[in-house]
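Asks: This is what each chain is made of:
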Amino acid sequence: MVIRIQEADFDLGAEIKEIRKGDLQVGAVVSFVGTVRDLNDGSQLTSMTLEHYPGMTEKALEEIADQAKSRWDIRNTLIIHRIGPMLPEDQIVLVAVTSAHRREAFAACEFIMDYLKTAAPFWKKEVTSEGGRWVDARVADEVAMARWNKS
Amino acid sequence: MKIELRFFASLREALGTSHENILIPEFVNTISDLRSHLIGRGGAWAEVLEGSKTIRCALNQEMVSESTVLQEGAEVAFFPPVTGG
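Those sequence lines, one after another, are chains V and H. Going by the working numbering, the first residue of the first sequence is number 835, and it counts up by one from there. Going by the working numbering, the first residue of the second sequence is number 4, and it counts up by one from there.
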């Protein structure tokens with residue numbers, strides 16, 4: 835399991851190469867990359883800043899990765915989340931999961947993202963032509979997370 | 004009882020502080036009590052922490068409900084619902 839909080843950008847290809855290196859049991863790699871959109875609720879976005887809760891963030895992400903590991907037969911998990919200032923089109927988050935078969939990797943990757951969206955202490959502040967504003971949490975994210983608790 | 008308060012994102016900005024060590028009176032037992040106690044300071048505190056607002060809290064860096072009982076030396080954080088990813 836690899837968890838990193840960083841200001842720097844990341845290279846998807848290099849990261850995936852690293853998490854599957856030397857593991858001959860891996861037959862599937864699923865990854866998700868979240869990026870900064872240039873339009874949000876109608877106002878033009880000029881930049882965005884991500885704040886987090888140092889210490890708690892790492893613990894929350896470890897807990898999320900542990901839960902995924904206990905639910906599905908997966909090999910390795912990578913979570914990279916950027917903090918600090920970002921621009922439209924920039925990459926924000928990367929979640930990658932390796933497993934023997936695709937089904938587990940797809941499910942675990944989606945679970946980790948849904949869980950991260952509702953439980954990891956990150957906050958986005960957007961800067962638009964009208965000034966700065968904190969992004970509101972979306973009900974859709976809570977709904978997406980709740981699906982996993984039914985089964 | 005001595006505790007460490009932390010505030011993040013919109014709460015941090017509205018309160019103008021990210022961090023505070025406080026001594027809380029004996030009748031403050033839970034996080035909910037603590038929130039009411041801070042509202043009692045009035046001004047921005049009353050406005051930001053007011054009961055109808057959805058605020059998340061963490062005790063020693065773990066998300067908890069407001070009914071959670073405080074412990075000596077605990078780190079208690081208040082913040083808005085998270086928006087990462």
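Treat the hints as calculated values from the structure; they're not laboratory data. Since the model is a prediction, treat every value here as computed from it, not as a measurement. We treat Cβ as the ideally placed atom computed from N, Cα and C, and that holds for glycine. It is possible that some hints are incorrect.
Stated by the list, open to error - Okay, derived cross-link-like pairs now, DSSO-like style, lysine-lysine, Cα gap no bigger than 30 Å in a straight line:
(1) K851/V to K56/H
(2) K893/V to K56/H
(3) K5/H to K984/V
Said to hold, decoys possible - Partner residues aside, some chain V positions facing chain H, computed with beta carbon under 7 Å:
(4) E885
(5) G889
(6) K893
Asks: Confirm or reject each hint.
Replies: The hints, checked one at a time:
1. Between K851/V and K56/H, the direct Cα distance comes to roughly 45 Å. Violation of the 30 Å bound is thereby established for this hinted pair.
2. Proposed proximity of K893/V and K56/H is supported: the alpha carbons are some 26 Å apart, at most 30 Å.
3. With a C-alpha separation of about 40 Å, the suggested pairing of K5/H with K984/V is violated against the 30 Å cut-off.
4. Because the closest C-beta pair between E885/V and chain H is about 5 Å apart, less than 7 Å, the hint holds.
5. With its C-beta approaching chain H no nearer than about 5 Å, G889/V sits inside the 7 Å limit, and its interface hint holds.
6. At about 6 Å, the closest approach between the beta carbon of K893/V and any beta carbon in chain H falls short of 7 Å, and the interface hint on this residue holds.
Consistency with the previously given hints fails for numbers 1, 3, ordered from lowest to highest.
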